[in-house]
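Given next are the chains, with one letter for each unit.
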Amino acid sequence: KNEVEQSPQNLTAQEGEFITINCSYSVGISALHWLQQHPGGGIVSLFMLSSGKKKHGRLIATINIQEKHSSLHITASHPRDSAVYICASLNYGGATNKLIFGTGTLLAVQP
Amino acid sequence: SQTIHQWPATLVQPVGSPLSLECTVEGTSNPNLYWYRQAAGRGLQLLFYSVGIGQISSEVPQNLSASRPQDRQFILSSKKLLLSDSGFYLCAWTSAPPGTDTQYFGPGTRLTVL
Numbered sequence: 001k002n003e004v005e006q007s008p009q010n011l012t013a014q015e016g017e018f019i020t021i022n023c024s025y026s027v028g029i030s031a032l033h034w035l036q037q038h039p040g041g042g043i044v045s046l047f048m049l050s051s052g053k054k055k056h057g058r059l060i061a062t063i064n065i066q067e068k069h070s071s072l073h074i075t076a077s078h079p080r081d082s083a084v085y086i087c088a089s090l091n092y093g094g095a096t097n098k099l100i101f102g103t104g105t106l107l108a109v110q111p
Numbered sequence: 001s002q003t004i005h006q007w008p009a010t011l012v013q014p015v016g017s018p019l020s021l022e023c024t025v026e027g028t029s030n031p032n033l034y035w036y037r038q039a040a041g042r043g044l045q046l047l048f049y050s051v052g053i054g055q056i057s058s059e060v061p062q063n064l065s066a067s068r069p070q071d072r073q074f075i076l077s078s079k080k081l082l083l084s085d086s087g088f089y090l091c092a093w094t095s096a097p098p099g100t101d102t103q104y105f106g107p108g109t110r111l112t113v114l
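Residue numbers (the working numbering), protein chains in the order written: chain A, 1 to 111; chain X, 1 to 114.
No lab work stands behind these hints: they were computed from the structure.
These numbers were taken from a predicted model, which means no experiment stands behind them.
Mixed in with the good hints there might be a few duds.
[Said to hold, decoys possible] With beta-carbon atoms standing in for the labels, derived distance ranges: (1) A/GLU15 / X/GLN73: 41 to 47 Å; (2) A/ASN91 / X/HIS5: 24 to 30 Å; (3) A/HIS78 / X/PRO18: 40 to 46 Å; (4) X/ASP71 / A/GLU17: 29 to 35 Å; (5) A/ASN64 / X/LEU83: 40 to 46 Å.
Positions of the beta carbon are idealized from the N, C-alpha and C atoms, including for glycine.
Work out the full structure: start from the sequences and follow the hints.
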C-alpha cells in the first residue's frame, strides 16, 4: 500500500519569501498531483507530473521518480497563496485512476 | 466548458437520520466519478468511484452507499448516519478513457452529524 507523506505540516512565511513543500511516497506511482485547497474547502488541481519539472506562474513542481519525492515551490509568495497544499499519488488501475492523498501542508503567508 | 455541482453545500443531521448528497457534472459525457471524504484533521479518502451508469466500486467499508442513476449524476447515501460520518465530502470527475491527467473537484458538502 502506498503511503504519501508531506512536510512540513504547517508553514508560516513572510510575503515575498521562497517556499518549498515536500512530498514523499513509498511505492512506484504513475504520476503525482499537487492540489490547492482554499479556506472554504474548494480544491483546485495545480499540477500533475510524472517526471521532471512543471512551471505555472510562480508555482514550480518537481518530481524525482528514483527517490520517490516531489516538491512544490512558490516564488515571491503572496498572502493569497495561503491555503492547504496537498500532494496525491496517482496509480492507473484498469478502468479508472485512483488518488492517495497526503494530509496536506497548511501555508500562511503574512503581509 | 465542464462544470461540477454538489448539493447541498452544508448539512447538519442528527445521528440515525438518512443522507443523500448529489453530484452532477455538465459539459462532458461518460465521466469517471468519485466520492471523497475529508474528516477533520485527516487527509482526503476515496470512498467510491464509478466508471458508468450503475457501476459502483467501494474503496472503504462503511455505512455509506453510492449510486449512479444517470451518466452525469452521482449520489452518496446513508440509511442511518453515524457521528463518524461528519466531514467534508467532495465529488470529482475525470474524462473517459482513463489516463486523463486532471481530476476536477466539486465545491464540496460539509456534513455535521450531531
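Numbered hints the structure breaks, given as an ascending list: 4
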